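Enquirer: Could you use the hints to bring the two separately framed chains together as a complex?
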Amino acid sequence: MSRRKMFLRMITASLLRRRSRMIVALLSIGIGATILSGLVTIYYDVPRQMGAQFRSYGANMLLVGDGETPLTTETASAALDAIPAENVIGATPYRYVSVQMVKRQQSFVAAGTDFEQVTRTSPYFSVDGRYPENHREVLVGKEVADAIGVKLNSIMELTYKPEETTGGERSEIRPGDRIAGSAEGWGGGLVYVTAELDEEMKIASLTVNADTQTEEIGGQCAEANYTNRFIGRAFPPEEKDADVVSGATLTSRAVLSALQTAVPVSKTAAVQTGNTLNLTVVGILQTGGEEEGYVFLSQSDMAALTGEEGKIDVMELSVSASAEELEGYAEAITGEGSGVLARLVKRVTKSETAVLAKLQALVFLVTVVVLLLTMICVSTTMMAVVTERRKEIGLRKALGASDNGIRAEFLGEGMFLGALGGLLGAALGFGFAQVVSVNVFGSSITFQPLLLPVTVVVSMVIAALSCLLPIKRAVQIDPALVLKGE
Amino acid sequence: MLFRMIRGALFRQRGKMLLIAFTIALGASLATAMLNVMLDVGDKVNQELKTYGANITVKPKDSSLLSDIYNVEDDGEAIQQSYLREDELGKIKTIFWAFNIVDFAPFLETQAALPDGSSAKVTGTWFNHHMDLPTGEQLDAGVASMRSWWDMTEGGWLDEQKDEDRNAVLVGKTLAEQLGLHAGDTLTLAGRAETKEAVVRGIFDAGGDEDGQIYAPLDFVQSLAALEGKVATIEVSALTTPDNDLARRAAQNPNALSTKDYETWYCTAYVSAICYQIQEVITNSVASAVRQVAESEGTILDKTQLLMILITALSLIGSALGISNLVTASVMERSQEIGLLKAIGAHDGPITGLFMSEILLTALGGGIAGYFLGFGFAQLIGHSVFGSAVEMKPMVIPIVAVLIALVTIAGSMPAIRMVLRLDPAEVLHGSKA
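Quick mapping for you: the protein sequence lines, in order, are chains A and B.
All residue numbers in the first sequence are consecutive under my numbering, ending with 486.
All residue numbers in the second sequence are consecutive under my numbering, ending with 433.
Bound-form chain B, shown alone (with noise of 0.2 Å):
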């Protein structure tokens, strides 16, 4: 009996019922398109971070401080001790954190003479280069990503993957001016163990430094510098957690963490966790983060990410109650027929249980549909913004559905109890509620 009155109350007032399935609908979708957007953003917004350029870079143990400060003086002949090795690079990506890698490049840095009598520092690196990996996965690393400011004002990046670029360079803009080349000249480099010629395969404007220096092949540069297979740093851009207290304490010394702290640390992708796992399978290296791109990617971050829960929980909140809202008017428009049911001798509770099953069944269709509507709109939020899609986290289900039943219980509870107090002579005669 309950069942066909439920169905007959569905068919019979499809008008209104669909309303409210619309209404809970679009309330349900609005939920979940937000609280989609909101657990992704973090991920896609560091993605977009990573145009900072690099996060983590990678010495060796010892010479860092040669390199750096000796080259100060300038006089180029700053000899670099240690080296890391080329053949582990592609360790990198074997790490725990590996997934989270987005890009790596390993830098050489020389002297070279040029045509005109002066030298230049002629870096050495992947541009777009191509490896296969120990655990069979392919891997493209390089600088074409990781340089995203840079403008090319000549020509165009080298690509490692032809021939005819094994002997390119890209030169600096105020380079270029000093010596008139343009792309497509031949540059003659003399560095400390071979002369080479060189294609100048672009002019880039990188606005710093590099504006006056040459990049090159990494191999190129090697054998410019007869340093066959080495590699003086390692630049590595990667998707990282903010830091908070327990990677701070792990920077300072990994080692006096408790067991269990200690795991935590290593299992979550703070940079200081990545910086140290890279150390372990890189030999004779210090991974050391870019507090420049770390810490200002976690500000960043933590503040896009609360600026999504609060406009999230502003949509939840006013779904919820516009939810409820439409609940209560269509329970109270009803009065008279529950007024009528108590009339012919229904209780409250068969009543209230009539009224809950309705609604509470047109809330699962207006639920499923919303949720679907709902990721569609979080996808279109992704493609447009960010140009790829938004991921679909399970945990979204279960909360919008709790939300839609508690908003749905909450709205009509209310409103049926107060119509079920009043005397149903009086809500038939029309004179109350």
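Looking at chain A on its own, in the form it has when it is part of the complex (with noise of 0.2 Å):
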């Protein structure tokens, strides 16, 4: 029998023979190899984790056009290409505009954005109601409910004014645009129009919506046969172009004003007769932030109100990122030179980092603190097995074993079951952090690889270290006297 053979013959003989205290020793190994590998598991996974929860203090980077390139929803989600797509975690458009309520003379904002982003970039709003699904549905701030009184399912009529221009700074005007404009007709109420024009300035088609007027009188302006008297006139049209319909005089006073003072819009824009919806209200969104004083639509439905297909204000993104992986996103996006600025909000990246890095650091010490005490409580049970076989070693060196085989075969005995307890602890570990996770986070943990090997070496080395001492004790004692048992 050689030498090796004899050698493991008498490790797994000494395991099996001294069940009850091999089981103990293991026992003892497993439950450090366990929360060792459990909570660095944990440790390395918590930022990430904690960071999707940090994500519901909203959106933490905008996306803004630079002043020259207006932003649409396109260059927009152009622009996340930047960032990789599993790390973002919502993105929703806004637009807003100024919009009036038909019959009273109050106006608020109106954002028209997407519904289902909603939810992942403002995960705080609180809907009394249901988000809006179809068309024509909009979300009320609680603020502009209690205000003009409205309540679910009852019906708001939205008209759009387009933005008013002041003195000198309107828009030129260029030949084959298209333009928009609104003047006070009867009664104050307003009236809108959009127009086109053709290569020469002259208008080509001319649409007026004047559903604030009287049907039977005001209303004359709106029908074709009114219209297309001005179809072909040179733009601006000048008072003596604008025939007075009979008993309709302020109607078409005001369809010349709006003409004359009609801004270009998008080009883009489909023809809209429309500029005012009628929306039924079906929540009513409470935020306890400035959002409660809007209004919120849909796209399709803000499109319809404005004419404005695809245009938007700001885009809101809520990014799982570090502090400096957002910097980094934000200085791509904007370097590329699309005309998309991105703006980190400081408020939440910086409180994030801050928080984050303490949640962090609580892990990591109470990590190091279980870890430190859980070995020196292993390394203890280990040696209380190894010196009560004292005797066992007495006994063989009587018998003319040498030092170093004696360590040699306990180290073996202790390495053995540390790579046992070890292999046993890394899997109960891992299920231990899963179970952490899917209970805390709702989702799993990514396993490291990396800690099997790990936590396998520690428990062989902890389990050495803790049979060296009293091997070391043991051999050095007169055989004679530990026989004794003195």
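Derived by calculation from the structure, the hints in this document are not laboratory data.
Heads up, some of the hints might be wrong.
In silico DSBU-like pairs for lysine-lysine, Cα to Cα no more than 30 Å straight-line [what the hints assert, rightly or not]: (1) B:LYS173 x A:LYS346; (2) A:LYS142 x B:LYS230; (3) B:LYS173 x A:LYS350; (4) B:LYS61 x B:LYS230; (5) B:LYS93 x A:LYS358; (6) A:LYS142 x B:LYS121; (7) A:LYS151 x B:LYS61; (8) B:LYS61 x A:LYS142; (9) B:LYS121 x B:LYS196; (10) B:LYS393 x A:LYS358; (11) A:LYS391 x B:LYS342.
Note that the structure is predicted; figures quoted are calculated from it, not measured.
Expert: Listed below in structure tokens is the structure:
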């Protein structure tokens, strides 16, 4: 029988014969390894998982236009390519316009948005009722609802007045432009016009929305046999161009002055005749912030209201990334030169970095303290198990075994137990980390492949170290004394 | 006799008993440290989350809509008809949950003409306001700590306690660039009622709309707009308990709750309860939770606490198994002694009693040492992570005591009984166990 075979047999035989003690030792190493692998896995995964929780604070990056190129859903989505798709939790476009509530001279801000994305970027929105899902539905901020007394299922009639231009800031109208304007008609109600110009600055087409006017009188101004009179006239039309419709002087004058003060609008806009929408209130929004003073429409309703497809003012992004990564993304987007600027919401990013760092430090320290204490616990148990075998050591020495041989055997036994306990613990620890992750964060944890060998090696080293001290003491003692039991 | 035997065992086998006591002390300290940290982590993290700013805003009852909605038109002259009273601000610190109010600051906004002909929003607020409360307490409150994300790119925060800062302002980064202002410059602000000269104490970068605004002491803005003693909004930063069903029901209408529920709600630091109590002390006010902050705080607190509970459970199980393991090993090691006692005629009862008392005495010593060691570890974590001490929770002591006792008994009893069942002859002969 070779030495190696004998060695192996001695180790396994001692493990088998002294089953109960070995189980105690194995169990103790197993616990240590479980805690090690479980806590380290959690420690590595906590920043990612906690970071996702912090996204409940809402958007941490904004995409805005640079003031020259208008921001659209397309340009914003193209800019998003700079950020890995799996890190983008939500991207919500917002188009803000000032709207009026028909029959009440009250104006407020309407936001056109994508409600599916809203639930991702602003999970803290609390909606009494539901988010709009169909056409012509509206979500109303609580303050607006309280102020104008709308309730769920009431109908809101909203009118869009194109941005009023003031003084000399009027944008220049060029041949081929599409223009839109509004002016006060009879009784203060607004009359809206949209027109197209040809290459010679003549009016090529004209649509009038006179829904606020008396149907039989002012309403005539919206009909083709009135609007056709403007076709072919030079823009801007002069007073002599406007034939007054009998009985509807104010309305026809309004059409004229709306045309005279009209501003260019996006060429891609579909021809819209109705700038007034009837919307059903399906939800009341509560946030405790300024959003309560807005009404929210779907993007398609917003396009119908403004006649501008795809134009947005801002895109709110909720990105799961560290502060440095976010800055990198923002620079990449702004640096592209596509006219899209990325801004970080400092309040959210800075605070998140601060709090997350604390939480990570907490888990780190807890891990260190728990590991330290557990490892000492494990080694005391191992020491107790080995100390108990002093008699055996003495007997072997009396029979002529060398000190080194005894040391090697005991170390081998300890390391074997360490390896076994380490494997067991690595599996159990991962299971524990998984339970924690699923319960706390509702998502599964990533397996750290490196942790398996690390756990096994650490367990072996601790087992070996804790065997070493008692063996050393036992070996030093005279076998006669040990065997005598003193 | 029993006493002498126990004492003998404890002293003669000092090494072994010390090892057991040491292990128990480690287990107990682990349990103590984790329980203390776990019980305090909610408060600590809550405190950290205050960096996100106020979680409650207080506005006058009827004008909240006017300022928010009509200001959107940006004509700057939107008149807010009603205001809160500055002299009532101290009352916020007298509500039931006053202790949970970390910080608060009043705000008053006005529009002022700038030297270059444009106009900017000037916000009056407290920076580090000092006030004496009617209760005799003193209070320092203001935005300096509620706007932790502001970077001062030039100069610094203004100090309300200093006389020269009475007419000082902080200017937003964008506006400062537009006007070419630097810290130390003088700026003339023409308000609705008065024109005042102000020293630019600092330039801040807030990363938001504030970058185009001016922040000034409250009374400076009050005289600028002729609104002495008036305040438009108050932001309150409070430590709150995450909302549950009761809190949600109460937020709808507190009066619809049963008396018992109402009391539970009122006496819990729910954000809705604190809002309600603020409304009680500030005349004609509406306090509402800023859901972006309040809701997210709740989520993160819940998650952190759950995480700590699970880690604590793991460490408790770990230390329990570790202790009982060692105790089992130490009993089995002494099987020959048990065999000898049986051989000379000792009954099972006294033997169990003897061994149990020995081990429990050791456990008591180890447990007490472990408690203090663990408390030390908890402080170490508290100071290095949160920079403040972890509060000593008395309930940890009985929990750890019961845990250690149970674990020691559970670890030793089965082992003792197993050894007792063996034939003394075999045990002494050394062929079993």
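Enquirer: All the hints need checking, so say for each whether the structure fits it.
Expert: A quick look at each hint next to the structure:
no. : hint                : in the structure
1   : B:LYS173 x A:LYS346 : 14 Å, holds
2   : A:LYS142 x B:LYS230 : 25 Å, holds
3   : B:LYS173 x A:LYS350 : 17 Å, holds
4   : B:LYS61 x B:LYS230  : 14 Å, holds
5   : B:LYS93 x A:LYS358  : 29 Å, holds
6   : A:LYS142 x B:LYS121 : 26 Å, holds
7   : A:LYS151 x B:LYS61  : 20 Å, holds
8   : B:LYS61 x A:LYS142  : 14 Å, holds
9   : B:LYS121 x B:LYS196 : 15 Å, holds
10  : B:LYS393 x A:LYS358 : 22 Å, holds
11  : A:LYS391 x B:LYS342 : 22 Å, holds
Checked against the numbered hints above, the structure violates none of them.
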